[in-house]
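Line by line, the protein sequences give chains A and B.
Each residue of the first sequence is one higher than the one before, starting from 10 at the first, in our numbering.
Each residue of the second sequence is one higher than the one before, starting from 4 at the first, in our numbering.
Treat the hints loosely; a few may be bogus.
Reference excerpt, derived from the structure (chain B facing chain A, CB under 10 Å, subset only) [unchecked claim]:
| # | residue |
| --- | --- |
| 1 | C157 |
| 2 | G303 |
| 3 | L347 |
Stretch-level coverage of chain B by chain A, calculated; a stretch enters the list once three of its residues show a Cβ under 8 Å from a Cβ in chain A [stated by the list, open to error]:
| # | region |
| --- | --- |
| 4 | 158–168 |
| 5 | 193–206 |
| 6 | 219–229 |
| 7 | 381–387 |
Some chain B residues flagged as far from chain A (calculated, every beta-carbon gap over 10 Å) [to be verified]:
| # | residue |
| --- | --- |
| 8 | D49 |
| 9 | K65 |
| 10 | K256 |
| 11 | Y301 |
| 12 | A342 |
| 13 | E345 |
| 14 | E346 |
| 15 | K356 |
| 16 | T366 |
| 17 | S402 |
If you are wondering where the hints come from, they were derived from the structure by calculation, not from laboratory data.
Ideal Cβ placement from N, Cα and C applies to all residues, glycine included.
So the chains spell out like this:
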Amino acid sequence: MDEELERDERVFLLGEEVAQYDGAYKVSRGLWKKYGDKRIIDTPIAEMGFAGIAVGSAMAGLRPICEFMTFNFSMQAIDQIINSAAKTSYMSAGLQSVPIVFRGPNGHATGVAAQHSQCFAAWYGHCPGLKVLSPWSAEDAKGLLKAAIRDDNPVVFLENELLYGVAFEVSEEAQSKDFVVPIGKAKVERQGTLITLVSHSRYVGHCLDAAAVLAEEGIECEVINLRSIRPLDMETIESSVAKTNHLVTVEGGWPQFGVGAEICARIMEGPALNYLDAPVIRVTGVDIPMPYAKILEEHSVPQIRDIITAVRKALNI
Amino acid sequence: MLLSVNSMQKMLTIISNVLKGSASKNVARVVAARTYADFTAEATFDVKKCDTHRLDDAPPTKSVLTREDALKYYRTMQVIRRMELKADQLYKQKIIRGFCHLSDGQEACAVGIEAGIKPTDHLITAYRAHGYTYTRGVSVREILAELTGRRGGCAKGKGGSMHMYANNFYGGNGIVGAQVPLGAGVALACKYLDTDQVCATLYGDGAANQGQIFEAYNMASLWKLPCIFICENNKYAMGTSVERSSASTEYYKRGDFIPGLRVDGMDILCVKEATKYAADLCRAGKGPIVMELQTYRYHGHSMSDPGVSYRTREEIQEVRSKSDPISLLKDRMLANNMASVEELKEIDVQVRKEIEEAAQFATTDPEPPLEELCNHIFYNDAPLEVRGTLPWTKLKSIS
Chain A
10 MDEELERDER
20 VFLLGEEVAQ
30 YDGAYKVSRG
40 LWKKYGDKRI
50 IDTPIAEMGF
60 AGIAVGSAMA
70 GLRPICEFMT
80 FNFSMQAIDQ
90 IINSAAKTSY
100 MSAGLQSVPI
110 VFRGPNGHAT
120 GVAAQHSQCF
130 AAWYGHCPGL
140 KVLSPWSAED
150 AKGLLKAAIR
160 DDNPVVFLEN
170 ELLYGVAFEV
180 SEEAQSKDFV
190 VPIGKAKVER
200 QGTLITLVSH
210 SRYVGHCLDA
220 AAVLAEEGIE
230 CEVINLRSIR
240 PLDMETIESS
250 VAKTNHLVTV
260 EGGWPQFGVG
270 AEICARIMEG
280 PALNYLDAPV
290 IRVTGVDIPM
300 PYAKILEEHS
310 VPQIRDIITA
320 VRKALNI
Chain B
4 MLLSVNSMQK
14 MLTIISNVLK
24 GSASKNVARV
34 VAARTYADFT
44 AEATFDVKKC
54 DTHRLDDAPP
64 TKSVLTREDA
74 LKYYRTMQVI
84 RRMELKADQL
94 YKQKIIRGFC
104 HLSDGQEACA
114 VGIEAGIKPT
124 DHLITAYRAH
134 GYTYTRGVSV
144 REILAELTGR
154 RGGCAKGKGG
164 SMHMYANNFY
174 GGNGIVGAQV
184 PLGAGVALAC
194 KYLDTDQVCA
204 TLYGDGAANQ
214 GQIFEAYNMA
224 SLWKLPCIFI
234 CENNKYAMGT
244 SVERSSASTE
254 YYKRGDFIPG
264 LRVDGMDILC
274 VKEATKYAAD
284 LCRAGKGPIV
294 MELQTYRYHG
304 HSMSDPGVSY
314 RTREEIQEVR
324 SKSDPISLLK
334 DRMLANNMAS
344 VEELKEIDVQ
354 VRKEIEEAAQ
364 FATTDPEPPL
374 EELCNHIFYN
384 DAPLEVRGTL
394 PWTKLKSIS
């Protein structure tokens with residue numbers, strides 16, 4: 010964000026606690042000190058209001074980054090995101106653009122219970138007019154956010170609270186001020202031969218961990234990091250399935266109408282169906298509101314052992 | 004259940020008292036008189052004093068009107084009036100479909116506000132937007148063709164009645180109240196970019212109870228945004244009268260800590276002076292401000308509402324005969340020799356012709372081509388493939 014704020018005067022950040030508090034999760038640390046009140050704006054607790062203000066400012070020529078402390082609170086503002094931002098370019102036949110980024114942590118954390126743990130990838134991924142991104146690694150986070158800020162369209166950027174604290178190796182290239190990751194392209198994080206694992210956000214890490222365990226038995230898994238929920242890169246998935254003949258999707262969100270459901274439907278509609286040797290298996294969060302107690306919470310979300318079990322089932326081993 | 008006769012009468016009295024005020028203000032001082040055969044070049048009119056909230060002064064009670072402006076305002080209001088009536092006709096012929104919210108009766112609001120701001124200022128409103136689309140620069144042709152869903156419409160047939168846009172005009176918004184935070188955001192951009200511009204952010208008496216408006220009031224006031232919040236109070240939100248929807252019907256005071264004005268929305272000069280006053284206040288960095296325009300719509304809420312189940316025909320007739328905004332201006336012009344009856348009749352004829360031609364275009368222009376179905380999902384973006392109704396249907400979208 011710092012680089013993009015420096016690069017373009019019209020970029021600014023608004024949200025609760027983003028300025029003087031340095032960000033509820035410290036994501037915007039140092040920015041207010043550097044850029045001041047004009048460009049880093051603390052808002053009152055008024056999501057519908059400030060999301061609308063952000064959208065209006067984008068319509069009038071600015072490039073706002075609108076932070077939701079978590080995407081659970083974006084439900085207060087969802088009308089502004091969908092009806093005022095996403096649909097406007099289409100409704101105006103291209104006369105009115107809305108270059109805005111809505112960002113914040115999405116999905117479950119730990120111990121924050123039902124109202125603070127929902128994954129919105131499927132909800133936002135459903136809507137035309139939005140681009141929806143879900144980074145996993147630091148490289149994803151940086152490159153995709155820069156791409157989102159530079160994009161002239163509304164982008165929903167789903168971060169993850171648990172990933173904020175995870176360190177990643179970052180390449181030389183990724184450290185450049187102009188390092189941008191293309192929107193709409195998935196990344197193969199690990200090459201494999203026997204089965205394809207597709208995931209987004211935190212669960213990419215789980216897939217890689219599962220792949221490491223399985224590799225010890227000679228089962229080489231290909232792990233695909235979606236990066237982009239909308240547009241969804243089916244081409245990368247299909248090419249992989251053509252090679253491995255097996256597919257498992259992994260997500261933290263609920264199963265019904267989820268990201269995995271969409272992937273299954275599209276696989277079935279496309280060329281990759283002929284390459285499948287077994288049905289696609291979706292590993293998802295449990296279809297319940299998130300409980301609080303630690304043991305219950307742990308059993309509400311996909312575990313690495315679940316992914317391993319799914320792989321064995323798909324490969325019939 | 005509708006109102007009792009008693010409260011209907013009470014309401015009628017209140018309304019006619021409020022609106023009657025402007026009818027008697029035709030007295031003017033002639034400023035620059037020429038020979039009796041020539042028209043008055045300029046005249047000063049009394050306008051009703053605005054009620055104020057948290058303001059030490061108020062907009063002027065005298066408004067100077069030049070003959071040139073008078074003719075311009077008259078013509079513009081007539082265009083809006085006739086355009087809306089034409090839309091009514093086309094809707095009844097089923098050539099316009101879906102939503103159609105008409106603003107006949109409220110012409111002084113659109114024209115008066117436009118007279119009080121500059122073209123470089125910004126404006127946003129809700130769905131009763133055809134008049135504003137016109138005053139903000141879109142031709143009647145393009146407006147009617149958008150209503151009829153043709154390729155020549157201002158949004159190429161993609162938007163319809165509620166989604167028309169122009170330079171510095173942000174629609175046309177369908178979700179009641181959502182446009183208010185948007186307008187405050189436009190004002191934020193004006194301040195951020197250090198322009199001298201303001202944003203007129205309109206909403207109705209129905210929208211005035213939306214929570215997001217209060218969120219917008221708070222932030223606009225906190226950050227001193229150059230936003231003129233304008234409530235077009237036409238007494239009814241669909242079928243719900245203001246008394247039945249609002250614990251306080253003093254909409255100009257609803258901004259609480261924000262100063263407010265209550266304005267006679269049927270008198271174009273009163274609207275103009277108030278808007279100018281509000282705009283100046285915002286430009287001086289003293290914004291925001293709330294303006295309530297007391298106005299009236301002749302049509303029902305939309306074309307599917309006959310408009311007489313929640314109000315009487317007598318009430319509508321009373322407003323038409325005593326407070327019609329176009330008649331008020333016309334009477335002033337004629338009483339002060341600013342134009343002749345023939346001249347105004349000639350304008351009426353021209354306006355009728357313009358509307359007819361536009362309607363002709365709007366009914367004969369072809370519908371948008373199917374190849375363009377998926378265009379403009381995104382702005383300034385590479386072409387993309389869009390799934391059609393069937394899995395193998397790959398449609399193309401360009402921006």
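Hints versus structure:
no.: 1; hint: C157; result: 8 Å, holds
no.: 2; hint: G303; result: 24 Å, violated
no.: 3; hint: L347; result: 35 Å, violated
no.: 4; hint: 158–168; result: holds (count 7)
no.: 5; hint: 193–206; result: holds (count 4)
no.: 6; hint: 219–229; result: holds (count 5)
no.: 7; hint: 381–387; result: holds (count 5)
no.: 8; hint: D49; result: 37 Å, holds
no.: 9; hint: K65; result: 34 Å, holds
no.: 10; hint: K256; result: 20 Å, holds
no.: 11; hint: Y301; result: 28 Å, holds
no.: 12; hint: A342; result: 37 Å, holds
no.: 13; hint: E345; result: 41 Å, holds
no.: 14; hint: E346; result: 37 Å, holds
no.: 15; hint: K356; result: 28 Å, holds
no.: 16; hint: T366; result: 20 Å, holds
no.: 17; hint: S402; result: 6 Å, violated
The structure fails hints 2, 3, 17 (numbered hints given earlier, in ascending order).
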